[in-house]
Amino acid sequence: MSADSYLAPLAPELILLIGAGVVLLAGLMQSGRRGPWVSMLALLVVLLAFVTALRQSVPDGQAAVLGLWLTPLTFYTRCIALGIGALIVLINWYQPVTEERGEYMAMILLSLLGVLLTASANDLVVLFFAIELVSIPTYVLIALSQTDQRASEASVKYFFLGAMAAAVLAYGLSFLYGVAGTTTIHTVTEGVATSTLPSGPDIGGLALVGVLLVFGGLAFKVAAVPFHVYAPDVYEGAASPVTGMLGFVPKLAGFIALIKIFSACNWDLPVVVWWIIWIVAAATMTAGNVLALLQRNVKRMLAYSSIAHTGYMLIAILVGPVAGQGPMHDGVTALLFYIAIYGAMNLGAFALLTAFRSQGRPVETLEDIAGLAVRAPLATLAFAICVFSLMGFPPTAGFLGKVYIFSSAFSLDQPHPFHGPLIALAIIGVVNSAIAAAYYLRIVSAAYIGAEVDWPVRTGGIPVRLGLALCAIPMLIVFVWPAGLAGEAQSAAALVNRSIQPQSTQVTSLAGQEGREAIPTGFNAQDRPQSESHPPGDSTGSKTQH
Amino acid sequence: MAQILDMPLFNLADSWALTLVIFAPLVGMVLLWLPPPGDDKGIRRSALFASLVTLALTVLVVFQFYSFEPAVRQSRAYAFTCHVPWIAGTAGDSATIDIAYRLGVDGISIWLLALTAFLMPLAIWGSFSGIRTRVREYYSLMLLLEVGLLGVFCALDVLLFYVFFEFTLVPLFFLIGIWGGSERRRAANKFFIYTLAGSVLTFAGVVYLAYYSFTVLGTATLSIERLIQAAQAGHIAPAVQWWLFLAFAAGFAIKVPLFPVHTWLPLAHTEAPTAGSVILAGVLLKLGTYGFCRLSIPMLPNASFELAPVVAVLAVIGIIYAALAAWVQKDVKKLVAYSSVSHLGFCMLGLFSLKVIGVTGGVVYMINHGLSTGALFLIVGCIYERYHTRNIHEIGGLARQMPWMAFFLIFFTLSSVGLPGLNGFVGEFLVLLGTATSKATSDLRAAGPLGYGYVIPAATGIILSAVYMLWMCQRVLFGPLKEPANTPDTSTGLTKDLTRREISILVPIALACVFIGVYPKPMLDTFKVAIERNVLRDVLPAERVTAETSGLSIPADATQDTQSGEGSPAEPDDGVPAQPADPPRDSAVLASLTDLDTTGGPKHER
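In the order they appear, the protein sequences are chains A and B. Take the first sequence: its letter number 467 is residue 467 in our numbering, and every next letter is one higher. Numbers given in our numbering equal positions in the second sequence, counted from 1, plus 1000.
FYI, nobody ran anything at the bench for these hints, they're computed from the structure. Even for Gly, the Cβ is constructed at its ideal location relative to N, Cα and C. Keep in mind that a hint or two might mislead.
To be verified - Label-pair ranges, simulated between beta-carbon atoms:
| id | chain 1 | residue 1 | chain 2 | residue 2 | range |
| --- | --- | --- | --- | --- | --- |
| 1 | B | Gly-1218 | A | Val-480 | 24 to 32 angstroms |
| 2 | B | His-1083 | A | Gln-359 | 49 to 57 angstroms |
| 3 | B | Glu-1183 | A | Asp-148 | 34 to 42 angstroms |
| 4 | A | Trp-275 | B | His-1235 | 52 to 60 angstroms |
| 5 | A | Ala-451 | B | Val-1328 | 33 to 41 angstroms |
| 6 | A | Ile-462 | B | Phe-1049 | 30 to 38 angstroms |
| 7 | B | Trp-1033 | A | Ile-462 | 17 to 25 angstroms |
| 8 | B | Ala-1233 | A | Thr-182 | 13 to 21 angstroms |
| 9 | A | Ala-424 | B | Gly-1493 | 45 to 53 angstroms |
| 10 | B | Ala-1233 | A | Asp-233 | 51 to 59 angstroms |
| 11 | A | Pro-36 | B | Thr-1490 | 53 to 61 angstroms |
As the list claims (entries may be wrong) - Reference excerpt, derived from the structure (chain B facing chain A, CB under 8 angstroms, subset only):
| id | residue |
| --- | --- |
| 12 | Ala-1188 |
| 13 | Tyr-1211 |
| 14 | Ile-1320 |
| 15 | Tyr-1321 |
| 16 | Leu-1324 |
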């Protein structure tokens, strides 16, 4: 293979990488003047990468190169990361207030590059690097975004905790390496499937520790309880447009990584891990929503709301892939569908906070946005659409996202041991969305019903408002026509599903390796009435093999 | 008329007529942005025009519905059906998900559609003098609300139903929150959160239903028609029915509102602007009862049958409790609001008698309540605009000041308490009759769940309602004149008595009340057909036996045929002789009752 055939599929990544350098240099060259053209350049880079990614044929899981493996999941993640990345650039158009716009934009591009690499990583080490590539630029971004102390504090806090999480993640990955004897995720999966792994008495426990640690490290990235405590402070400290990005980019990377790690474990999670994630999901959405109720600061509120959304998405992670049942019955599809919508709607909410200033600072509290609807009806309408979407209210895409997530939770059949717990979790989820409505409603009602205290002055120019509009309009479009996005999400999830569904009875699993302590879960859900009936608990077979 | 209906436009209309009707107000919203800002008059007129166009379209649809020969109407369950895939999924070649934009109307929903389209222009017209701020937003939201309401009554897909059902909350939230009274924010929030809290459980139910239909039918369908068929074939397990019934009831009962969960309603009503109250009482509350009637009863027959006594007891408690509560209200609007709770209790009682007569009564009650209570709220609004108070103790003897208002207030009070000859009577009578005869069996229809035990307290409720409504009238209209200082306020162009605009708003409603009171037959006919076919097809156990013995894939009419062929005393006949001495005025109703059978005749013979 020539260098060409290695590099051509990686064109979007390369464009981002080179673009980041160019933007950095461009920023240096124009010091003194703060024209918008650095932002323009960054936008062009992202759009170019986006178009390139779209034009590439959907990879069908060719052989891995350079520790990367291009799958439909890569394609999907690239598209949503770059699509929403363009919106992020639009909303950050006039950021930062200081003159380091070149560095700033370059950091956004590098962070996006990290997401792209996460999506194609096929090696535990590459995965780790990719995830850190997502996070490290965000530390810089937070510090650059505002000149006040809060931003520095947020940046330092995020950095230390992030470093800690990275250490935990690396530690966990090293355990997985120890178990599998290889760092190639692809091979880990295949190895597990064909049970060629070196097996010994301790390995089950090691794998358990590894999976738990990895989950812990990634839980930080996606802001799940109990690793969520940094989120409100950091989100509040950073400037609104950065916060909009923080709510989405690390989360996307974290969930993609979770999908990869869990599919390396054949989604047949040890029961202990499964229950831990169950508890984390329930606690995350409840804590996020309840704590958000107590806030007056919209940014903090949205920070807690983003924690709550992590909880909803964890439901889908628990369901995992249920192959062949269409988008509504597959956890991974639901997750991929939801996270794309979530990215846009969350960003839209922060775009409004970027677009207005009150009392000489960006709007932040409920009082600041009181009565905004009279002053800026269209921007507030777009904002309201995004907030109703976050609420999961029809007619917005957020509603369909909830439909997908919750219906995936209902998809395990009666005899399945997790049938009941998942339904319970879905009920906790819908009750939570009612709680969430209370504070989202407070935001909307402040903007529409509240009496104006101080008329905010519009700051964000056309790019910010365009970004806000482009966040809101797709909410309606996707609601009316979900098939497009859902279809893409489904095909992205397909390979995840296929890779964990080798020829039935030979399926073994990490759980199977662990021997007694792992109750067979039959997580691959082949015990559907439609698919060829398969006794719940694939690992039962594998145990007898060992 | 027939020629007009045969115009090409409305032959095509078979599939997209309803879409046109539903989204006409949305198109109308564009009109609101044509007049320059500040031109309130232009905006108001555009809004009225948009809602009138919607009404015109609805009327055309209703006429076309009626222009179908009864035989044609009965050969299909729903008219004007359309089907556009929305959420679809496939596994291999077979469709695994079938959730679609499905619309269609039957005899029940066509009238509720008409009610909505009829009340909306009146509500909009009624707001001309009351709404002075943010006019454009106000009328936009009214039209948006109309979209949601029309959509609910046309939806034939459970998820689509839920979408419209939920969506109505948003415009009403803003209508109450922005243009409401002094406690508007609290009222709007309570209204929204309270109803949402119930309907998220409904949402869980809907999602579970999609999954369950996947396990039993192989396709996650939410088509109401297919799910009813599945229920008929006994595919929905009783335990599942229970859970689904509870989940649906959580949303619907709050909307109705049924007794223990009615507390949001008085506050929302008192704080809402007049038009908001009109639509809230007139149409929005019907979404709950309509949900029971369209989804819960036909899809979950076993659970409905078993839980009917519970619902009925709650309904009866609500009837009495809300009547007593209304009695002691000082605020006229709150009094009317509590009377709504009481009246909706009747509606629920009728629906859960699970007999054709009772359900017909319940549905008629929905329409009647929409007309009378809507009008009462309009009148209270007229009083409030002039006197800036709704306190019974502060106003009195208004009959001399406002003779027109007095006439209408008494008229609609009588209609609301069920004076024979006006609309309220028809519904009340049918509900009580249906409840009383619910237990009656014939060889083919099993006993219904309710009986005389429920009629007695409910009838007490009627007496109570007469007491508090008439008492309110007496105190507001008669006796020595009492007016707060500096009133009536005519600064906004109002006259002392009702203006011509206000009279023209009330007259059509009054005419509709008289029409339904005197000649309910056209309505009852369509109700009967729709109820037998789309609601009660398979609710009572004996019928289910019939359906099963005659095979599962029989054409939709077959069950009805066998029944009427063998057991000519269909159950309305059981009821009619049983009724107590009839007041002489209700001959029209009686005629219509007997018609209820004879109109079914041609169908049975076919």
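Tested hints:
no. : hint                                          : result
1   : Gly-1218(B) to Val-480(A): 24 to 32 angstroms : holds (27 angstroms)
2   : His-1083(B) to Gln-359(A): 49 to 57 angstroms : holds (54 angstroms)
3   : Glu-1183(B) to Asp-148(A): 34 to 42 angstroms : holds (39 angstroms)
4   : Trp-275(A) to His-1235(B): 52 to 60 angstroms : violated (34 angstroms)
5   : Ala-451(A) to Val-1328(B): 33 to 41 angstroms : holds (34 angstroms)
6   : Ile-462(A) to Phe-1049(B): 30 to 38 angstroms : holds (35 angstroms)
7   : Trp-1033(B) to Ile-462(A): 17 to 25 angstroms : holds (21 angstroms)
8   : Ala-1233(B) to Thr-182(A): 13 to 21 angstroms : violated (54 angstroms)
9   : Ala-424(A) to Gly-1493(B): 45 to 53 angstroms : violated (59 angstroms)
10  : Ala-1233(B) to Asp-233(A): 51 to 59 angstroms : holds (58 angstroms)
11  : Pro-36(A) to Thr-1490(B): 53 to 61 angstroms  : holds (58 angstroms)
12  : Ala-1188                                      : holds (7 angstroms)
13  : Tyr-1211                                      : holds (4 angstroms)
14  : Ile-1320                                      : violated (30 angstroms)
15  : Tyr-1321                                      : violated (26 angstroms)
16  : Leu-1324                                      : violated (31 angstroms)
Figure legend: structure checked against the earlier numbered hints; hints not met, in rising order: 4, 8, 9, 14, 15 and 16.
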